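Order-wise, the sequence lines are chains A and B.
For the first sequence, this note's numbering puts the final residue at 601, and the numbers step up evenly by one.
For the second sequence, this note's numbering puts the final residue at 385, and the numbers step up evenly by one.
Bear in mind the hints are in silico, worked out from the structure with no lab data behind them.
One should not assume that every hint holds.
In the DMTMM-like style, the derived pairs of lysine to aspartate or glutamate whose C-alpha atoms are separated by at most 25 angstroms in a straight line are [what the hints assert, rightly or not]:
{"no.": "1", "chain 1": "A", "residue 1": "431", "chain 2": "A", "residue 2": "381"}
{"no.": "2", "chain 1": "A", "residue 1": "440", "chain 2": "B", "residue 2": "357"}
{"no.": "3", "chain 1": "A", "residue 1": "485", "chain 2": "B", "residue 2": "169"}
{"no.": "4", "chain 1": "A", "residue 1": "485", "chain 2": "B", "residue 2": "279"}
{"no.": "5", "chain 1": "A", "residue 1": "442", "chain 2": "B", "residue 2": "291"}
{"no.": "6", "chain 1": "A", "residue 1": "440", "chain 2": "B", "residue 2": "345"}
{"no.": "7", "chain 1": "A", "residue 1": "442", "chain 2": "B", "residue 2": "357"}
Here's a subset of chain A near chain B, in silico, CB distances under 7 angstroms, partners left out [said to hold, decoys possible]:
{"no.": "8", "residue": "452"}
{"no.": "9", "residue": "454"}
{"no.": "10", "residue": "458"}
{"no.": "11", "residue": "459"}
{"no.": "12", "residue": "460"}
{"no.": "13", "residue": "462"}
{"no.": "14", "residue": "463"}
{"no.": "15", "residue": "464"}
{"no.": "16", "residue": "468"}
{"no.": "17", "residue": "473"}
{"no.": "18", "residue": "476"}
{"no.": "19", "residue": "477"}
{"no.": "20", "residue": "502"}
On the chain B side, residues computed to face chain A include the following (Cβ under 7 angstroms) [stated by the list, open to error]:
{"no.": "21", "residue": "167"}
{"no.": "22", "residue": "272"}
{"no.": "23", "residue": "301"}
{"no.": "24", "residue": "303"}
{"no.": "25", "residue": "304"}
{"no.": "26", "residue": "346"}
{"no.": "27", "residue": "347"}
{"no.": "28", "residue": "349"}
{"no.": "29", "residue": "353"}
{"no.": "30", "residue": "354"}
{"no.": "31", "residue": "355"}
{"no.": "32", "residue": "356"}
Keep in mind that this is a model prediction, so the values were computed, not measured.
Note that the Cβ used here is the ideal one computed from N, Cα and C, for glycine as well.
Here's the letter readout for the chains.
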Amino acid sequence: MIEIRDVSHRFEERTVLQDLNLSLRERRIAVVGANGSGKSTFARLLNGLVVPGSGKVFVDGLDTKAKGREVRRRVGFVFQNPDNQIVYPIVEEDLAFGLRNIGISGAELKERIDAELARFGLTHLRNQSAHLLSGGEKQLLAIAGVLVMRPSCIVFDEPTTMLDYRNKRMIARFVSDLEQQVIMVTHDIELIMDYDRVIVFDEGRVVADDRPGTATQAYIQRMSVA
Amino acid sequence: MIAAFHHAETPVHRLRPGVKIAAVFMGATLAFVFANWIALAILASGVLVLYVIARIPPALALAQIRPALLILVAIFALHAIFDDWLFGLFVVARLVVIIVLAALVTLTTRVSEMVAALEIGLGPARHIGIDPSRVALAVAMAIRFIPVIATQAAAIREAQAARGLHRSFVAILVPLVIRSLRMADSVAEALDARGFETKERVGKDSATIDSQQKPSVEAVERVVD
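Only chain A is shown next, with the shape it has when bound in the complex (with noise of 0.2 angstroms):
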């Protein structure tokens, strides 16, 4: 569960989030908000990558300020490009990466690899190069790649957006089987209308906080009237 308290962020001279207190306890969060809204400062603040100016985020209890590297073992973070976040050349290698990081190795690395390829269809390209995949295998492999590591929650900051519809979907599908808790930044409504609950932010408010269809209501009534 991820506790957020009187926080506050400033960038230099300009705020980007203000008095927010939010418990995200539900399995399917989504975020919404327009561009520069503030929603992916928000995003950051969960695992730890941004620290708040103010205010305290807790992760099943832990600082994120205190205890960043725990923090992050618990709360996976998948980015909107995955060039940006495959780090490793071969498919398999880039899986590796963050298992090593956190001190897994020799059968436990190989079962658990195996197992995100064969859960993502992506077996048949274990030694592949990441730079032929498609845009739809590179989002797959960012995922399988924080899923590796066994978080409890995962992030995803708008991982459809450079994606075509047929991957959007497929990527869809797969988050929703997912058993961990999702946070979903996006701008992409269709994506959250089955989820527990959707935030609405605007200029770093929390303007909107309900079950989708109230919820994405007010958000689109926001940027009709913007």
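Fit chain B to the supplied structure of chain A, relying on the hints for placement.
The following block gives chain B in isolation, referenced to the frame of chain A:
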């Protein structure tokens, strides 16, 4: 090495990278110590046998010479003009054998194995403040990101051509450097997210952007969305 690894289950693939690199050094040294056609033919035969054992397709083996072709032609031409064409041919043949032998290492060794060997080799550098794991990761990432940056350069060139600008090195270089720096910020963030801490920790167990730091403009643009 960018996409050179050719997967197969062979004894050559299973050899440790350190052994393969040592064999390349030994082969190259022998080629220079015994500088005659017979010794070179024996060495070339040995290399050929290794390629057969490693099940490398002939076309892939020949492709390893292509990047050096211009230099090889130039070396031969210089020898032919100013010295002896037969000796020029020997020099070029010797270089071809060494290049093909060295390429066998990259064709049969995974980047991760090479990186692990490099990390072990750089072990003593710890005493002068160099972290071998960081150097090794930098090498692996250089290999990974060369094609990504090449793709970006092609996209910039296309965008410029579409707007009427043709073939300007500086016009491509400037946006490419800016894009690459932005990408470097994103990649550093991804490394942190995947458990590899990119920043030295000062009094806290975290590699983070906080409000006391002065993040780059690119970092701010990326995260305030």
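Structure-based check of each hint:
{"no.": "1", "hint": "A/431 / A/381", "in the structure": "holds, 7 angstroms"}
{"no.": "2", "hint": "A/440 / B/357", "in the structure": "holds, 14 angstroms"}
{"no.": "3", "hint": "A/485 / B/169", "in the structure": "holds, 17 angstroms"}
{"no.": "4", "hint": "A/485 / B/279", "in the structure": "holds, 21 angstroms"}
{"no.": "5", "hint": "A/442 / B/291", "in the structure": "holds, 23 angstroms"}
{"no.": "6", "hint": "A/440 / B/345", "in the structure": "holds, 20 angstroms"}
{"no.": "7", "hint": "A/442 / B/357", "in the structure": "holds, 12 angstroms"}
{"no.": "8", "hint": "452", "in the structure": "holds, 4 angstroms"}
{"no.": "9", "hint": "454", "in the structure": "holds, 6 angstroms"}
{"no.": "10", "hint": "458", "in the structure": "holds, 5 angstroms"}
{"no.": "11", "hint": "459", "in the structure": "holds, 4 angstroms"}
{"no.": "12", "hint": "460", "in the structure": "holds, 4 angstroms"}
{"no.": "13", "hint": "462", "in the structure": "holds, 6 angstroms"}
{"no.": "14", "hint": "463", "in the structure": "holds, 6 angstroms"}
{"no.": "15", "hint": "464", "in the structure": "holds, 4 angstroms"}
{"no.": "16", "hint": "468", "in the structure": "holds, 4 angstroms"}
{"no.": "17", "hint": "473", "in the structure": "holds, 4 angstroms"}
{"no.": "18", "hint": "476", "in the structure": "holds, 3 angstroms"}
{"no.": "19", "hint": "477", "in the structure": "holds, 5 angstroms"}
{"no.": "20", "hint": "502", "in the structure": "holds, 4 angstroms"}
{"no.": "21", "hint": "167", "in the structure": "holds, 4 angstroms"}
{"no.": "22", "hint": "272", "in the structure": "holds, 4 angstroms"}
{"no.": "23", "hint": "301", "in the structure": "holds, 6 angstroms"}
{"no.": "24", "hint": "303", "in the structure": "holds, 5 angstroms"}
{"no.": "25", "hint": "304", "in the structure": "holds, 4 angstroms"}
{"no.": "26", "hint": "346", "in the structure": "holds, 4 angstroms"}
{"no.": "27", "hint": "347", "in the structure": "holds, 5 angstroms"}
{"no.": "28", "hint": "349", "in the structure": "holds, 6 angstroms"}
{"no.": "29", "hint": "353", "in the structure": "holds, 4 angstroms"}
{"no.": "30", "hint": "354", "in the structure": "holds, 4 angstroms"}
{"no.": "31", "hint": "355", "in the structure": "holds, 3 angstroms"}
{"no.": "32", "hint": "356", "in the structure": "holds, 5 angstroms"}
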